[in-house]
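Participant: Single-letter residue listing:
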Amino acid sequence: MGGLAAAQAAVADAFRADWGRVVAYLIRVTGNWDLAEECAQDAFERALQRWPDDGVPSSPSAWLKTTARNRALDRLRRASVGDAKQREIVMLRASEEADDGGDSGIEDDQLRLMFTCCHPALPIEAQVALTLRTLAGLSTPEIAHAFLVPPETMAKRLTRAKHKITEARIPYRVPAAHHLGERLRAVLVVIYALFNEGYGASTGAHLIRTDLCSEAIRLGRLLAELMPDEPEALGLLSLMLLHNSRRAARIDQHGELVTLEDQNRGRWDSAAIAEATRILDRAVRRRQPGPYQLQAAIAACHAHAPHAAATDWDEITILYQRLSEIAPSPVVLLNHAVAVAMARGAAAGLALVDQLQEAGSLADYYLLPATRADLLRRMARNPEAAIAYQRALDLAPTDTERRFLLRRLQELDGPARD
Amino acid sequence: MRYALLVCVDERVELSEADAERRFAEFSDFQDDLRSRGVLLARERLRPTSLATTVSTRGGDLVVADGPFAETKEQIAGFYIIECADLDDAIDIASRNPAAAYGTVEVRPVWEV
Chain A
1 MGGLAAAQAA VADAFRADWG RVVAYLIRVT GNWDLAEECA QDAFERALQR WPDDGVPSSP
61 SAWLKTTARN RALDRLRRAS VGDAKQREIV MLRASEEADD GGDSGIEDDQ LRLMFTCCHP
121 ALPIEAQVAL TLRTLAGLST PEIAHAFLVP PETMAKRLTR AKHKITEARI PYRVPAAHHL
181 GERLRAVLVV IYALFNEGYG ASTGAHLIRT DLCSEAIRLG RLLAELMPDE PEALGLLSLM
241 LLHNSRRAAR IDQHGELVTL EDQNRGRWDS AAIAEATRIL DRAVRRRQPG PYQLQAAIAA
301 CHAHAPHAAA TDWDEITILY QRLSEIAPSP VVLLNHAVAV AMARGAAAGL ALVDQLQEAG
361 SLADYYLLPA TRADLLRRMA RNPEAAIAYQ RALDLAPTDT ERRFLLRRLQ ELDGPARD
Chain B
1001 MRYALLVCVD ERVELSEADA ERRFAEFSDF QDDLRSRGVL LARERLRPTS LATTVSTRGG
1061 DLVVADGPFA ETKEQIAGFY IIECADLDDA IDIASRNPAA AYGTVEVRPV WEV
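Protein sequence lines correspond, in order, to chains A and B. Okay, so the first sequence: first residue is 1 according to this note's numbering, each after it adds one. Okay, so the second sequence: first residue is 1001 according to this note's numbering, each after it adds one.
Please note that a few of the clues may not be correct.
Claimed, not checked - Which chain B residues face chain A? A few, computed with CB under 7 angstroms, are given here:
| hint | residue |
| --- | --- |
| 1 | G1078 |
| 2 | D1086 |
| 3 | D1088 |
Claimed, not checked - A few chain A positions that, by computed beta-carbon distances, are all more than 12 angstroms from chain B:
| hint | residue |
| --- | --- |
| 4 | T140 |
| 5 | K156 |
| 6 | E167 |
| 7 | R169 |
| 8 | D413 |
I should point out that these hints are in silico values taken from the structure, not numbers from a laboratory. Yeah, the Cβ is synthetic: ideal placement off N, Cα and C, and Gly gets one too.
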């Protein structure tokens, strides 16, 4: 039984490590996304049957690739005559591979798959779903659960995306150099969206969504490995690791949100912070700043402060300033205003927040009134703070955030905190 | 693989004579470029929707009406049929169409028979 358990564990490990590899390879040799997924599935099922008796192969990924490819050939052989041409193509492409199942080109396959899944001609929700399905190996019901949509809706979304890839002929390749920059940004957006989907969740489907964070980090690692010369890919990985290092401290034992200021920094993952810092240093050395590197640098400032009062807010102010220059957005300006408030006093920050409020671009964003409320509270302008908290409560998207704001609102009646 | 590039612009915009000439030259250059690459299968420039007539038959009755089938901000001003390897190539070509800078270019695969 020990052998059986060990073999099953090996299959589970291989699934996490190699699913994306096998699918990516099969899509290249068959050009058929559904066939690729089905045959990859078959190969893992076969591994579950064979490995307990035959032993775990020396290269599980090569074994899985070969098994899946043969399965694809089998299926095409048994299918209608019309598929003869496709069968030839599979044989031809497969014979181009080294017959020892060498790993050459595999990494490229995964990169191709990433760029195709994140093609801007697909809707963003489909890009995210397709990435999870083909690269991370999540099942359609798992993805549906993670995004809180019915499984049928998710299945349709995936089918439609694959249909468009095939019928509009979205190519399976790494984009040409002159488009690589913008296409890489699209991949980074998908991975970060995945991470935020998991990180933002604090209630309900909590566990699955924690998984989304790990999947996003795993894909971020893969991309950073595949494109080690792209500082923004490194920046994104560092950023996700830094956010994730605070996950345990972000929610208290009652499931309530804890602000950065009040978090128990002893619960931050110091190994993750150290790794993220090394990665960020590597990125910054290339001297091509970008939004993810800057956000990671900001997160690193927080991560390296031994306690909240020791935070280098001057540095954070400068970083937000630079971020607003290269990636201007009202949310960045709001964060900049908070940094200014911490560095130079609440009044200086409030002036910037009020400017943003007048500009009106964040009219429905709860963090605008929530920030105003917090600054007014720090300035002991409690009646105005109460009105702002009320406004934030009306706009807050989740119960966790509403409970947090309500607590703050109630504290206004008590003794001043600062 | 064949794709149709549908050029959509706001036809109400009027250009000065100099601008109109410049734009005409831009479109000529675009076409010459497509021809020299050997990807152009067909192209037509459409006259404005003020000359359009919409025809339908319902229950055997012929219905003829003035104007385009839908009132939209942008109208189809012309189209190209191109032959290229994949969608990325088609997007690349569409992005070079002068109208991409002030209107939009819709890229649609053509049914292969």
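Participant: With d taken as the least Cβ-Cβ distance between E167(A) and chain B, does d exceed 12 angstroms?
Facilitator: 6 angstroms, violated
Participant: If I take the minimum Cβ distance from R169(A) to any residue of chain B, is it greater than 12 angstroms?
Facilitator: R169(A) not clear of chain B: closest Cβ-Cβ about 4 angstroms, inside 12 angstroms.
Participant: Would you settle whether the hint for D1086(B) is holds or violated, based on the nearest Cβ-Cβ distance to chain A being less than 7 angstroms?
Facilitator: Holds, because the Cβ-Cβ distance from D1086(B) to chain A comes to roughly 4 angstroms (cut-off 7 angstroms).
Participant: Beyond 12 angstroms on every Cβ pair: is that true for T140(A) relative to chain B?
Facilitator: 25 angstroms, holds
Participant: Is the interface hint satisfied for G1078(B)? The criterion is a beta-carbon contact with chain A at less than 7 angstroms.
Facilitator: Because about 21 angstroms separates G1078(B) from the closest Cβ in chain A, which is outside the 7 angstroms limit, the hint is violated.
Participant: Any Cβ of chain B at or closer than 12 angstroms to K156(A), or is the non-interface label fine?
Facilitator: 20 angstroms, holds
Participant: Using 7 angstroms as the Cβ threshold, decide whether D1088(B) counts as touching chain A.
Facilitator: Constraint on D1088(B) satisfied, holds at 5 angstroms.
Participant: Measuring Cβ to Cβ, find out whether D413(A) lies farther than 12 angstroms from everything in chain B.
Facilitator: Since the minimum Cβ distance to chain B is about 53 angstroms, D413(A) lies beyond 12 angstroms and the statement holds.
When held up to the earlier numbered hints, the structure conflicts with 1, 6 and 7 and fits the remainder.
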